[in-house]
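Order-wise, the sequence lines are chains A and B. What the first sequence shows, in my numbering, is residues 1 to 371, in sequence order. What the second sequence shows, in my numbering, is residues 1001 to 1140, in sequence order.
Treat the hints as calculated values from the structure; they're not laboratory data. Ideal Cβ placement from N, Cα and C applies to all residues, glycine included. Any given hint could turn out to be false.
To give an idea of the interface, some chain B residues facing chain A are shown, with a C-beta separation under 7 Å as derived from the structure [unchecked claim]: (1) E1045; (2) T1122; (3) R1127.
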Amino acid sequence: MKSKISLFGLIVFLSIFSFGQNTVSPDIPLSEFNMSNISSPAFVLINESPSEVYVPENLKALVVHSTSNFKGGLSVELMPYYYINTESKDRNFLKFVGIKKTGERVSQNPFSGLNTTTISFAYANKEFENFLDDERKVFSVGARTKLLRFYNKQEMVDYDQRVSKILQDIDWPPHIVTQANEANTEEERSKILNNYLESDEGKAKIGALLKKLEIYKKPIKPIFQMDGAIGYSTLFKENEINSATVNRLGIWLTSEFSLILNKDSEKSKSNNYFNFFIVGRYVEDGFVNDGSKLYYRDFGGKIELELGKMSFSYEYINRYGNEKGSRSVGNIGLLISKDISLIGGFGKDFSSEDNLIALFGINWGVNFNNN
Amino acid sequence: MTLFQKLSIFLVNCNYYKLFKKLSMKIIKIPKGSDVKLQVNISSEASVGSNVSLDDVIIKRSTAYNFTKELGKIEDLDGKTVSGSSNFFVNIGDIDLIKTNTIVEYRFKFNEEEKKLTCEKTKLNGRMFVAFFIGKIEML
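Chain A with its partners taken away, still in its complex shape (with noise of 0.2 Å):
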């Protein structure tokens, strides 16, 4: 109760926080860009940011959104997957990312990157640039899945082999493994256990299994993904439940192909990858003052190249429909914890007119299964 209770108070001091940190302007045009994929579809739409999203690999059970320019509401991310069955007996690694061993065939399910399916809920209470002159409320619903997946299916299969070879080698001795289980709680085991890696005797069992260890810690990606997400908005014209509602619909498809460029080194803690993405959209906009709908869809492609926690882009989008143009912007992002990441971002948006693009934003992700 009392971990709820400080997890509550610090998700209200980083929320606090971050709705303190508008480095941008208030007034962001629909097309303006966020260009974090790490946003839920919820938050995309609401945050008036449409652009790629696909689904990470190191997805939560519970995410909250918040991003540099989003003013005075929250968007919560929620993955069914780990609240569903919970009492499956059958899991296993290579059934997790879709590949099945039968002696020696390898078969894989493309579509097992379903699980990750995520729903989201956003809510702010915001100005919209060339409608309405003060704040509205505005609700937000969405979903991302990753539609397709393919990993090298062999390599996945050798992956799990090498590391649960070295797995099987750790042997606790059975005096740690006894003060452990008299232990209460799991920091007090998790403690004894780690006090032992420190000691003399641990370093010299275990060390040099745990050091084998390390170049499997690298993230591995899909040879092809695609992720495909969803959001839909709301907003009420006169901040009455029984006021007219103005709507916004957001549809996005991202296809990935990822090239590892440290393949067998040994030496780097990361893969490093250079990704190629496909992007594709469709957006309605209701939010405009004439009553009219604004539809468009993008269609383009993003260079990445991504080295650890780093990773640098460049995206070109063209826009069809009754509203046109192209996007082009550069963009930065780093990865400070596994929780926390920083996107920043510059360049050319659609609009002819004020149409420079200079983002930063924070994103973070809270666990509440995290015993």
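With chain A fixed as given, assemble chain B onto it according to the hints.
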């Protein structure tokens, strides 16, 4: 670290070990004349490797999620300490969620009966967690 310090730590560890062993080690009581086997069932989205010890001697190492080890006649096992650990490594997915959904069951099977031991899961670091058990076999 001096020899005296090492000796002191060793003695403290020994005392702890004896104390814990005496106070709270799980007792697995099995009838006379039984053939005993240990069945391990693991359900996890992490890669796993396990080992089983009998009186500090490793008798089985396995990379499988489900495996069985014949322990032998209860007459030969009486009074012996059996322990097992399963080590998990996470590359894809969130370690906390995967650990929460991981199920590890150690079952002692004899005659038509079985005794199930549950394992506590412990996160070691951002990529690894461990599940283990320790118990003493006694003949009825």
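Hints, one by one, checked against the model:
Given the 7 Å rule on beta carbons, the hint for B/E1045 holds: about 4 Å separates it from the nearest Cβ of chain A. Checking B/T1122 against chain A by beta carbon gives a least distance of about 4 Å; that is within 7 Å, so the hint holds. About 6 Å separates the beta-carbon of B/R1127 from the nearest beta-carbon of chain A, less than 7 Å, and the hint is met.
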